[in-house]
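K.L.:
Sequence:
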Amino acid sequence: MRVIEGGTGSLNISKNTITSDSISIRDQALTDNAGSHNLSFQTKDNVLTANLNDQSVAINWSVTFYPKGTTNDFKTASGPIGNNQNIIAIWTSNNNYTEIFTQNATKQVAATTKANLNLDQLAQNDFSSLVGTWKNAHDGKTIVVTDKTMDKPADSTAYYSKGAVVSGADNNSYPEVITSGEVTNGYMTSGIGTFDPSAGPFTPLLIVPQNIKLPDAASLYGTDDSDDTRDRLILGGGQSGVGTQAYYKE
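In terms of our numbering, the sequence shown has 241 at position 241, counting the first letter as 1, and numbering is strictly consecutive.
Note that these hints are calculated values from the structure, not bench results. Even for Gly, the Cβ is constructed at its ideal location relative to N, Cα and C. Take the hints with a grain of salt, since some may be wrong.
Mimicking BS3-like on lysine-lysine, the simulated pairs with C-alpha atoms at most 30 Å apart in a straight line are [to be verified]:
(1) Lys152 to Lys15
(2) Lys44 to Lys15
(3) Lys44 to Lys68
(4) Lys162 to Lys148
(5) Lys148 to Lys135
(6) Lys148 to Lys15
(7) Lys213 to Lys249
The following label-pair restraints were derived from C-beta to C-beta distances [unchecked claim]:
(8) Asn172 to Ala123: 25 to 33 Å
(9) Asn16 to Lys152: 33 to 41 Å
(10) Val47 to Arg26: 34 to 42 Å
(11) Gln121 to Leu48: 35 to 43 Å
(12) Thr203 to Arg26: 33 to 41 Å
(13) Ala29 to Ala137: 43 to 51 Å
(14) Ser167 to Thr17: 14 to 22 Å
(15) Leu48 to Pro197: 55 to 63 Å
All chains should be built: construct the whole structure from the sequences, respecting the hints.
P.N.:
Below is the structure:
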């Protein structure tokens, strides 16, 4: 059993990238201070290991992914590391050093809960659960909702009183915003547009939490063929198709 000294480092893991203090892994490559290195992957006994294709480098690396229950190889000075959580081990030839990272399941659940859409908050113009990048799986377009909000200006004739500011879109210096709206059958009917008095009306936008399916009977929506296991924004109220107009939070 290999003894690992205690540390305070952490891994940042997103959909496509793993980053530590020393390296980052994206797709089929590992990047360190010397540049980018292609990786090869091997699976044995349900354990996945990534090695550098070219190991004739000044500092070599290896990254191993242990699903829970697959190893008892590691311990700290205070005792064994229980493998009741997923483990990622990063080895470097620099002093033959290995860093062990265990998944903090409690924090992961808390982060997931915080990220879920909260219609009760949205109805009170609290847009915090809407903040983030939403991506359309069909055309790759994104809607980036910031943590900034905008109140309706006095000269605006818009129905809505407040909105969450969308990044990178404006009209005559008025930012695009997403508003709150009415909640029916577990989803919210809202709008996306600007408070510019010279602009047209807001485009319909449905804010639909996971596990909520839009009713087929409503002619505006048609059949809900979007992924109802995920939170989603349905641009145009689904008038041009639900699945094709669905944006999912990344």
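K.L.:
Report the numbers of all earlier hints that the structure fails to satisfy, in ascending order.
P.N.:
The structure breaks hints 1, 10, 13; every other hint is satisfied.
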